[in-house]
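Residue numbers (our numbering), protein chains in the order written: chain A, 8 to 765; chain B, 8 to 765.
To be clear, the hints were calculated from the coordinates, so they are not data collected in a lab.
We put the beta carbon where it would ideally sit given N, CA and C, even for glycine.
Incorrect hints may have been included.
[Said to hold, decoys possible] In silico BS3-like links for lysine-lysine, alpha-carbon gap of 27 Å or less:
id	chain 1	residue 1	chain 2	residue 2
1	B	K33	A	K42
2	B	K42	A	K31
3	A	K33	B	K42
4	A	K537	B	K537
[Unchecked claim] A few chain B residues that don't get close to chain A, going by computed Cβ distances all over 12 Å:
id	residue
5	A126
6	F138
7	E154
8	H161
9	E300
10	I431
11	G611
[What the hints assert, rightly or not] Not the full set, but computed from the structure, chain B residues with beta-carbon under 8 Å of chain A:
id	residue
12	D206
13	H461
14	V474
15	G517
16	Q594
17	S596
18	F598
One letter stands for each residue in the lines below.
There are 2 protein chains.
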Amino acid sequence: MMKEFNVIGKKLAAVGGQDVVTGKAKYSPDLELPKMLVGKLLYSPHACARIIELDVSKARELDGVAAVLTAEDIPGENSYLYWYPDQPLLVSDQIRYNGDAVAIVAAENEEIATAALDAIRVVYEPLEGVFDPEQALNQGTRRVWDEKENLHSHYISEWGDVELGFAQADVIIENTYSTHYQEHAMLETESAVAYIDHDGTIVVYASTQAPHRDQIQIARALNIPEVMVREITPRIGGAFGAKDEANVQIHAALLTYATQRPVKIIRSREESIRTHVKRHPAKIKYRTGATIEGKLTAVHMVAYGDTGPYVNAGEEVMMTMSAYGAGPYYVPHARSEAYTVLTNNPICGAFRGFGVPQVTFAFERQMDELANRLRMDPLDIRLLNCIKTGQQFQPKAVVRMGDGLRACLEKASQLSGWKERIKISREPEPNLKRGWGVATSFHKVGFDKNVSDHSSAAVNMAQDGSVVVRTGASDMGQGAHTVFAQIVAEHLGLKPEHVKVIRPDTTMAGDAGASVASRVTVFSGNALIKAAETIRQTLLDIVVEETGADPELIILRNGYAYIEGEQINLRIADLAAKAYERNLPMQASGFYSMDFPEAEMPDGSSGYQHIVCYGAHVAQVLVDIETGQVTVEKIIAVHDVGQVINPKGLRGQIEGGVSMGLGYALMEELHVDQGIIQNTSLESYLIPTALDIPQIIVDVVELPEDETPYGAKSVGEPPTNITPSAIANAVADAIGKPINYLPISPESVLVAIKAASE
Amino acid sequence: MMKEFNVIGKKLAAVGGQDVVTGKAKYSPDLELPKMLVGKLLYSPHACARIIELDVSKARELDGVAAVLTAEDIPGENSYLYWYPDQPLLVSDQIRYNGDAVAIVAAENEEIATAALDAIRVVYEPLEGVFDPEQALNQGTRRVWDEKENLHSHYISEWGDVELGFAQADVIIENTYSTHYQEHAMLETESAVAYIDHDGTIVVYASTQAPHRDQIQIARALNIPEVMVREITPRIGGAFGAKDEANVQIHAALLTYATQRPVKIIRSREESIRTHVKRHPAKIKYRTGATIEGKLTAVHMVAYGDTGPYVNAGEEVMMTMSAYGAGPYYVPHARSEAYTVLTNNPICGAFRGFGVPQVTFAFERQMDELANRLRMDPLDIRLLNCIKTGQQFQPKAVVRMGDGLRACLEKASQLSGWKERIKISREPEPNLKRGWGVATSFHKVGFDKNVSDHSSAAVNMAQDGSVVVRTGASDMGQGAHTVFAQIVAEHLGLKPEHVKVIRPDTTMAGDAGASVASRVTVFSGNALIKAAETIRQTLLDIVVEETGADPELIILRNGYAYIEGEQINLRIADLAAKAYERNLPMQASGFYSMDFPEAEMPDGSSGYQHIVCYGAHVAQVLVDIETGQVTVEKIIAVHDVGQVINPKGLRGQIEGGVSMGLGYALMEELHVDQGIIQNTSLESYLIPTALDIPQIIVDVVELPEDETPYGAKSVGEPPTNITPSAIANAVADAIGKPINYLPISPESVLVAIKAASE
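Here chain A stands alone, though its shape is the one from the complex (with noise of 0.2 Å):
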């Protein structure tokens, strides 16, 4: 039954898109402050070293210069903190990444506290690096850090007998797969402007996805409460989780506190690519059992994740990946590995997907082998293991609502004409093959059961009737706030555009959690829904009030408290002045973290529900077997999301999900030479363009769950987890051959095509 919406499902332009595409938008690099000084961060030119000297003295009494501050300048914790206290804001000792910084300069301008990075001696004596993650886990190799292994930890999520699994299987499939880097290349670089406030507040203005986190490693670093550091988080141009970790900011509240005076703080493309975490490299080996029919009998995942020396949210991200090692699909025998190598690499961590993509890819290049093996259609034998409501995904979770996936891939086949593609020619010319892929993923919303994960939020209505929404969640061009805006226009019956949502700052709003892991509808949206309620009912009393109606009838739309049939016809805006007359509370504010309804589990024991979203992509692809050319015809993507908020910001997520995806599968790719990456540059780490993106198809099934708000899920990452296994299913339709690694570029493909002919 479809419930009627005001506001809910309406395509709604981005709040303040027009100022983006129009270039009146205003970020962090564009705050200008009085007497504002230039800060900037001399990195380290080795990936590993020692450092023997560091003299800033020359430096600090240059003209222009404001401060030059090294390690031991630093009144609290020197550490980013939060995930792991392993890395340094600025290292004194011992270099381990080519992203590490030793020193940090304020000066008048630019050219100044250029001056001053030139002006630091520092003398290095190299160390051997370790660069290669799989001799790193062997014995003698030189440990990244001394007093700890090169092994992090190694992850198992495990259920059913997975050798019994496999005793079951008629055919087993085994393979190992390889993923490559994966930068961000957000087109805002990291930024942030520091200044003190009146009354001794460090005041922080930062693109950053995690305002309230950062707030706490800038009050440590600083060595102060964490009430007297307030951040601000003004428009954000993109993220994708290299905004997840604090970046500058730290170093700009350094600076500022000080000099007492404001520090700018940007990150050249050269400094954020050297810098942020990457998407971690992956070997993953699969062994894949199945019955003759084609089901599922047993999985086994190993993968190895190299996240660099410091791990950040590193070792988060190979759990992750050991937590989906089943795919979206009943697998009642499972065992899923994952090591987190340490190595003296770029650093990895959070990036859309969380670890997703990599493990889906693998998973889903086994399923069309195994199809492949068995002589089965691949979306046939997808629909055959798609799980379902109440199946187990994980150790001690199942599914809350399974049908989505078997929806999608169904939608997925519809409209992509699957089952018609043997009229179309796989051979268009000679040189060109055509191929078909299906992929198919799911996403937990928001992190799991037992883990700090919530959102606050506050409303406040004026006594027009206008709304301010106050939440700490970032908006980084996902779309969230304008979401935020249409959930409480909906339940307080106004029009979206009386709805204000003001941009995180942690002095004016609760923690609402990062705006990560696919969480923030669902989380903020239920937060708000709790906070407008209170509002909600205040009106609601008032109408009683006023007309003696049944508050069951009362309907708020449209700015108007109206009952079907009846004259009653009262303005929101009305409303709200008598509140304030009558002394009622029209600002509340709203808190919600997850419930995880319990679940009896296969084997007997206590688990619980995760909600979980779904999606299938169809790639159609052209290689020239000739010149190992990949071009994408067009991708169906096809999401189970609940019900949709914004179609708009919707198919943005999806198109930007899918371009991202296509950008991972085919272009992008990191080159790191002993620990080193070599194109820091947008020119030479190249990212899809307009022209690059094929026809996008998309879709939505959209199956409202109930704890959510208007039955919304997520769609933030899973675009991203499908589209690489798609297109890499595709070209393998279309050579002929399996496709192991990432990225298909035309030297590999030719190699595919080349070695599995040998």
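Once you have looked at the hints, place chain B on chain A.
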């Protein structure tokens, strides 16, 4: 029984106070923004005139002029609007007082802005103004407004049967009193800085007592939703009611809206004195009846207040005068009338005391005249008539706790050595006469029942246990934010330095009402306690979870949770971190509006209880009968304020109020000629300096209320109400002649001595 507090009742320096005394504190005028324009207003040279021509074209053409606006350029309502919609922001037709403005300009600098004002051509036709409030009410006098009478309103507070009361009286005292204008003379004049935020919000920094009300007024003038206006209140250098009304913030917003650039407007002292509301000059006729024993039987008061041409809060002030007509005594039969009269004189409105100083002066002079007539001691006659718990003081209200006045009088008697004053020479020199005066007053906390009067507040505990308090309540120097920090610290067991109180910001905080009416501590304090209580419960829940302790026994104090005599001692910072880990809410909002418990009135009708605070002052003065010079030797000021929150701030409020009262009584005099103030500088309008201040002995009576935060009441206005009366009574006592007018200037003392001798 004394409760044991840890933070409440402890002397605390004002938060940020050190910055004030060292000159580091920043106020609105200190705000500098890139590309900021200087805004200025063109005021009328007349107090009453018709505008024949207004030509701004030449001013607009000047280089460096960004905007010149007149009434017709205002997008929304051309009115200050809030109290009454009668005062235009810019006048287009008729000038009604000398503070009216006809145009505003924004220019690149001060010089150009001044040149632009000079380039505006205005042709006025001067009109005969209405400058005598008594004449104003005569038939045939010109009307200030064509469309209405010069009598704006006539309020009557009445109970019992006043004619019967006078019939029961053995003596009746009848006199007429007059009081003068008072100028607030706050050290920081009015100012505002406006700019447009990235999302189009009009942000206004303003020195204001009522940010949320200003927000509404600005939105209406600009014709935009309220939430598109954000008013922020930086530190305020005094207000006293002058900043309760909007002043230049709407004009700054208009200029920013027109130019899309930041605009700063600062009123010069001359402009400040010329434009903002004053304390009403009043003429008060009193008839007081009593028995031969001194028991009051009836009071009839009639007050006339000259409010100028625009009503704003003027009617409310006169209504208050009417409400307080019976004074803090039990009067069985009362009739108290107040007339609000329109003239072309300076406008009058809110000023610390809000009508009560005038009526107290008259009432307390009557009490002394009554005591004289009955040969009673002035203090004894007051003790005899003190209002008591449950006794009527307004048509429908009784005082909630009434023992405070007697206690204040007894303490003031003791501290002043009242009974022993006869031992001190009344004539230390032939030309010097010494006198003693006692006076009392009371003051309601907040407005009244059935009036829009509420506060909201929010409290947010960070992961390290430090706290942010968000409130829309202005601290204009009275120490409200220090009190808030103490209340929240006490409630959450923190040190006050771990509580950060945000300066008002309409986007950040809900409406807390204006900082007026001695309401802030009680209203915002209670809202804060409600918000803090949610967090306190979370902390207690965790202690119980961790230790199994009985929650009733847990004490939160000094950053720790502990149980007397047990080993339990947990850091609140750790509990806060655990709350975040465990997804428990650490943000909450609170809302408070006053409960007015029912009371039965003497006539059997239903009324309500109202919280009031009391005070009694004794003044000792020396009068030079040759020069008329009055020297105040000492003031004893005793106040019933409920539980004292911050003794240091409380003493500051009382000393400040006494000083302001002394200025009002003896020195401050605005010379108004044909509606034009002649002394618009602090060189010509004299306020007391440190050398004018006598010894002030401050003491309190702490009778805690049960509905208020930790039992606190108020102290903002009461001292100012009482001191002038105590001084007037002391002067009358010294010279042995009545004093029926304020100010008691040397000239007027000589007149009094002479007049009474004749």
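Comparing the hints with the structure gives:
1. K33(B) with K42(A): Judged against 27 Å, a Cα distance of about 16 Å means the pair holds.
2. K42(B) with K31(A): holds (17 Å)
3. K33(A) with K42(B): holds (16 Å)
4. K537(A) with K537(B): holds (18 Å)
5. A126: holds (30 Å)
6. F138: Given that every Cβ of chain A is farther than 12 Å from that of F138(B), nearest at about 37 Å, it holds.
7. E154: With a cut-off of 12 Å, E154(B) remains clear of chain A, as the shortest Cβ separation is near 26 Å.
8. H161: At roughly 25 Å from the nearest Cβ of chain A, H161(B) sits farther out than 12 Å, so the non-interface label holds.
9. E300: Since the minimum Cβ distance to chain A is about 44 Å, E300(B) lies beyond 12 Å and the statement holds.
10. I431: About 49 Å separates I431(B) from the closest Cβ of chain A, which puts it past 12 Å; holds.
11. G611: holds (28 Å)
12. D206: holds (6 Å)
13. H461: Where the cut-off is 8 Å and the nearest Cβ of chain A is about 4 Å from H461(B), the hint holds.
14. V474: Holds, about 6 Å.
15. G517: holds (3 Å)
16. Q594: holds (3 Å)
17. S596: Holds, about 5 Å.
18. F598: Since the shortest Cβ distance to chain A is 4 Å, the answer is holds.
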